[in-house]
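As given, the protein sequences belong to chains A and B, one line each in that order. Under this note's numbering, the first residue of the first sequence is numbered 1, with each subsequent residue one higher. Under this note's numbering, the first residue of the second sequence is numbered 1, with each subsequent residue one higher.
The reader is advised that the hints may include incorrect statements.
The list makes no distinction among identical chains, and a pair is therefore deemed to hold if it is satisfied within one copy or across any two copies.
[Said to hold, decoys possible] The list that follows gives simulated cross-link-like pairs (lysine to aspartate or glutamate, EDC-like), each with its CA atoms no further than 20 angstroms apart: (1) Lys94 to Asp338; (2) Lys67 to Asp147; (3) Lys94 to Asp359; (4) Lys67 to Asp340; (5) Lys371 to Asp252; (6) Lys371 to Asp270; (7) Lys67 to Glu206; (8) Lys94 to Asp356; (9) Lys94 to Asp138; (10) Lys94 to Asp142; (11) Lys67 to Asp138.
Treat the hints as calculated values from the structure; they're not laboratory data.
Protein chains: 2
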Amino acid sequence: MVEISRFAPAAFPRLARVPGVSAATASCAFKSGDQRDLLLVALRPGTAVAGVFTQSTVTSAAVQSSKRSVRGGRARALVVHSGNANALTGRHGKVLVERMCQTVGDSLGCPPDEVLMAATGIIGQRVTDEQLLGRLPDLAGDLGEVDWEQAVEAIRTTDTFSKGSTRAFTVGDRQVSVSGIAKGAGMIAPDMATMLCFLFTDAAVEPDELQRLLTYANARSFRRITVDGDESTSDTMLAFATAHTDLAAGGDRDAALGQLREALAEVAFDLAMQVVKDGEGISKLIEVTVRGARTEGDAFAMSKAIAESPLVKTAVAGGHANWGRIAMAIGKTHRPVDQDRLSVWLGPHQVVVDGDQNDELDLDALAAYMKSDSIAIAADVAMGHESSTVWTCDLTHQYIDINAYYMT
Amino acid sequence: MVEISRFAPAAFPRLARVPGVSAATASCAFKSGDQRDLLLVALRPGTAVAGVFTQSTVTSAAVQSSKRSVRGGRARALVVHSGNANALTGRHGKVLVERMCQTVGDSLGCPPDEVLMAATGIIGQRVTDEQLLGRLPDLAGDLGEVDWEQAVEAIRTTDTFSKGSTRAFTVGDRQVSVSGIAKGAGMIAPDMATMLCFLFTDAAVEPDELQRLLTYANARSFRRITVDGDESTSDTMLAFATAHTDLAAGGDRDAALGQLREALAEVAFDLAMQVVKDGEGISKLIEVTVRGARTEGDAFAMSKAIAESPLVKTAVAGGHANWGRIAMAIGKTHRPVDQDRLSVWLGPHQVVVDGDQNDELDLDALAAYMKSDSIAIAADVAMGHESSTVWTCDLTHQYIDINAYYMT
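Please model the entire structure based on the sequences and the hints provided.
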């Protein structure tokens, strides 16, 4: 069996209640035993929704449906199932999603296009309609106070721990809450490891405002983590704002909107870091920063190339300070580098100076550093002033075990 | 220890003699024991040279020097050392390469810029000058008939078998030979696994003709294989034509040039397939073809994405027919796909029809096929008429062992 990540928190955090959100969970037998694999969330009328989706050109039926619904800007419900992604299931999958939206809409008295959908699990296996459609009307009757831990259980697959995060701030004499849940054990790993993230707040914001806040949060969180570079057909990040609390209550709405932006970004970052800390097979957490790039795009491409290089990841797994592989990964982006002025650091140790080994390197201290749980890789490519940081994990036997042998 | 690849040939092939080429090998102690790690090849005056190099923006001192020398079009010598790539070694590495070219030029009586250089091995570790410079004059005295097997031994690193290939054709009453050697256990894997390929022919061709033939051969061979997607600082493919045999001897030089082009391309393809069959940790050989793409570039990007996806590679390692991961890898290129008409095949079994599971699939026969040594993946993305094929290997525990634990 897969062991629980060494980076797992001691317990699931206590998430703030978000007025206007209720939930219920059930089991549809996508997962073994009677594990929860279906989540229904109901949202009060007037809730704004925003979304960020996979960039893949092959997408699940749920992604296609939710992309359309987000354009309307309003949501009354969210349905998530785990264990089967209902992706690569042709017309059958699309019709099933339409019927699910209709069924939930009928139960809650809202238009079907205000029902958001997400799914995660195996790709290319059909879902039996009754597995989902039969459960939904009963589930609508079970709606109540959100049990966040049960909600996460219903959306997780190969995750070794449940991921939640929460922030709150005050506007005048009122509290605004942001609570979020996520699943994923590869950022962007498709099979039973797709990334899903749902953020809920009671703040009153318009859909276009919420979309800007969510895009800001995503750019600083999920976009900056990678496990294996494989992008899912089903990645979905949604934010819901139930319009329960007026951001102008304290007198300065712009300041409150700024606080909401940071709260959403912090929750998203915390969840993203939990996902990478649960990266399939992780033994070490890796932070990669590239500085001195000509553009932010160059810095991002280089830091991502280092983070996704199988040779860098296996070197870290083995505890080796292999700066040659780091330089290789920078070069393979084909982005501009001044290799005669290239610097590389492993934690506090500068290993490369002016494109050459540092003569003053303390190899014993470096070897001790490479045994740490968390490894920081940094490089300065000496072309300009832009920088970028991404997070990943190492590549171990357990990644192979999870993806080659445990899969059914 | 790493086992010899199951795809290794029974014996090293007998390579045709190429008039105008002589060689000698030695040990500089880059590799353990007294293994050969230095190769000197001498070429008769008038030899044409052409080259294809890594596209990386971080390159070894040897690559930088050989790129300049190839522009001159003429070569009198090739020096290759293995075990240390002399890359990321700053000014020191560049000066060493200059002194090596000068030393060999002095020994053979030729300008230093007609001495081609290539190196493979660990990146970012300095070479002690005496290790190389001291050996070269003696080695020039040892030059003689090429022992191809010894020549390959001197350039290989983590390869589990020696790679050579040969072709010959006749022009009038004369034979034209093409013999080639290569090393590599990741196409494009940097550390002790860089790809090097050297092709030799006695045909008389001009440097610009030879460059066109080499570019043609590369596009059909090394460009089409991948092991881990990591691109080396040191990849070098060179062709030498010693001008011993006149291609016009049979009366039709254009026809002979066409034969030479195909002979070079066949030798390069054979060597490239040997490299992928020695891919680090290989248990299964994988051929990926994408058809029905809008452009050849789209087809190549999609086939490469499938071939480099860790999730596709681990599924094949585990013997799983996971067509969902294949569709995922196509989508993550962000290139156009008609997913409602997408087809996927595993060997003779069509697993996806119109973006949905094939109802008539024989799952038992498919499971038996997935146990084969060689797996053919094909997809039709239903956007046009362009296609592309690439070759790779699966991703196993042994890849991790080689790159995380056996490394010193």
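How the hints compare with the structure:
1. Lys94 to Asp338: Close across copies (15 angstroms), not inside one copy (51 angstroms); limit 20 angstroms.
2. Lys67 to Asp147: Neither way: lysine 67 and aspartate 147 sit 27 angstroms apart in one copy and 64 angstroms across, limit 20 angstroms.
3. Lys94 to Asp359: between (62 angstroms within a copy, 17 angstroms between copies)
4. Lys67 to Asp340: So lysine 67 and aspartate 340 pass the 20 angstroms test across copies only (17 angstroms; inside, 47 angstroms).
5. Lys371 to Asp252: neither (49 angstroms within a copy, 66 angstroms between copies)
6. Lys371 to Asp270: neither (25 angstroms within a copy, 42 angstroms between copies)
7. Lys67 to Glu206: Classified as within: same-chain Cα gap 17 angstroms, cross-chain 58 angstroms, threshold 20 angstroms.
8. Lys94 to Asp356: Cα proximity of lysine 94 and aspartate 356: across copies only (11 angstroms, versus 56 angstroms in one copy).
9. Lys94 to Asp138: neither (23 angstroms within a copy, 74 angstroms between copies)
10. Lys94 to Asp142: neither (26 angstroms within a copy, 73 angstroms between copies)
11. Lys67 to Asp138: neither (27 angstroms within a copy, 71 angstroms between copies)
Violation of the numbered hints given earlier is confined to hints 2, 5, 6, 9, 10, 11; the remaining hints are satisfied by the structure.
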